[in-house]
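Here is what each chain is made of, one letter per residue.
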Amino acid sequence: MVVPLHYYLGLSVALFALGVVGVLIRRNILVILMCIEMMLNAVNLAFIGFADAFKAVDGQTFVFFVMTVAAAEVAVGLALVVAIFRHRATVYADDLNILKW
Amino acid sequence: MTIAIPTFNLSSIGPWLTLTVAAILILLLDALSPKGRKAYFPQLSLIALAVAALQTWWLWGQSGTDFARMVFLDNFAFYFYLIVILGTTLTVLISRHYLEEWGKNLGEYYALLLFATVGMMLMAASNHLIMLFLGLEIMSIAIYVLAGLFREDARSNEAALKYLVLGAFSSAFLLFGMAFLYGATGGNLFIGELAGKIKEALPLTKPLTLLGLALLLVGFGFKVASVPFHMWTPDVYEGAPTSITAFMSVGVKAAAFAAFARIMFAAFPAFVLEWHMLLWVLAVATMTIGNVVAIAQTNIKRMLAYSSIAHAGYLLVALVAANQLGAVSIIYYLLAYTLMNVGAFGVVILVGRKKDSYLNIYDYAGLGFQHPVLAAAMSVFMFALAGIPPTAGFVGKFYIFSAAVQAGYIWLAIIGVMNSLVSVFYYLRITVLMYMRPAEADLGPIAFTPGLVAALIITCAGTILVGVFPGWFYDLAVASVKIFPAL
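Sequence order for the protein chains is A and B.
The opening position of the first sequence corresponds to residue -5 in our numbering, with each subsequent residue numbered one higher.
The opening position of the second sequence corresponds to residue 12 in our numbering, with each subsequent residue numbered one higher.
No false leads were mixed into what you were given.
Below, simulated DSS-like cross-link-like pairs (lysine-lysine); rule was C-alpha separation at most 30 Å, straight line:
(1) B:Lys493 with B:Lys208
(2) B:Lys46 with B:Lys365
(3) B:Lys115 with B:Lys46
(4) B:Lys208 with A:Lys49
(5) B:Lys217 with A:Lys49
(6) A:Lys49 with B:Lys210
(7) B:Lys366 with B:Lys46
(8) B:Lys173 with B:Lys115
(9) B:Lys365 with B:Lys173
Reference excerpt, derived from the structure (chain B facing chain A, CB under 7 Å, subset only):
(10) Leu186
(11) Gly198
(12) Leu200
(13) Gly250
Derived by calculation from the structure, the hints in this document are not laboratory data.
Every residue, glycine too, gets a C-beta built ideally from N, C-alpha and C.
Could you put together the complete structure from these sequences and hints?
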């Protein structure tokens, strides 16, 4: 059975929207980072869906690059969270308020 | 099964290789050399940057693509190589003393700086969306780390985390846009072929392409700090180490605009009306909000952050104009902006002293009496940023607004000039403070180190020379935008 392309795209858009909402409303930095991962994975799903529909391989290749970069980004992100936690014992975005307009 | 490896020419990515090798070498030497003997990293970086600049000069004039069409070889990319290398060189020059003050003159600082430079070059030369994404992330991840370099400083941490979260957020938008474009063009990732494929599939996939275009605009809007995606800029610019703020404000902007301009000019001729209208609004909002909010700032780094938002707005005007002069003015303005902005940050570092204790604009009161040369240099940069002749900033703005008028966007040019007038207020306020108000307390000695002095001389002379003799740089820029036949 073949999964039609619009199923992939619908799921991808839904995941992406969930990720965006999560980044905007959640307060825990770890959850925010997880939501960003979800957005990136939604992108991956869209690429895979299209690549499958076109029988092309470069969309799938893109996914590997996205995953690698996402891993690197999260490594830096978690390191920064640890550094902040050591200072202020908090992982909440509301407490990051030294720099303010 | 045999796999044919396409032919390629290593020399066409020579500058990237040089900088990558130098960065890895610095990391190795940093790990292997004993403590206290790490003073030669700035020199090593400078040598690598000089070699990379030389290699770019050799490449100049080539055209075409290499590495299975992944890499563009054209003067447009090479001009941006030179701008980025100039920005990094100046950053290395202003860094050393500042880092030593914070006890952070580390090898990885220079290695990351060079890696970020390579990422910027990749962005300027990429002909493939994967390359573009990789370049963007190589640059961004290195800069996230650099922004958080002062681990023990709460501000630096906070700035780095905010930059990382919003940077990753915007990358996701950019990627989603790329995914839609991939779908809309039937599986094409080459930037150079996007226009043709979009046109072919236009009747069927117009909504998908438009969605992709909109998401790309959001992603790039974040990277160039255009309103309404500018919220991170002041916080990150204020909290990051000053030398990195200088690097971010010139390097990231140049690289992002290189990729932005290339995609917009090359890939979307079928959607000119749509993106012109969108960017028109963005440009006006960016200029106005950047300039108006900058007036209210008392922290000099924050003020320069809002000024950098305003300058992104001017560059967007040139992008909207989308004619030959517009493309030329983007290149020229970024060169001018690199010189004047790094210079201004150099002065901020010199006046800042003792772990950035003097960052308030009122700390500049009386500088003209106690350190006349330094105050004169700062005045040159402020005049240039405000766009007052005979500096490079004036000529750049002149080109941008003439391009807008030429393209028929008279109102955009008028709004731009009015914004320019608003900006004169907060730039000249610094000059007025330096010369017309006595110091509140004795400023004390300022440590003039060779690197900083050299950077200030280069930027000061450059700002004036590029402004007085724009012809040569203008001709080079004209030669490098010939690759966009649609303009």
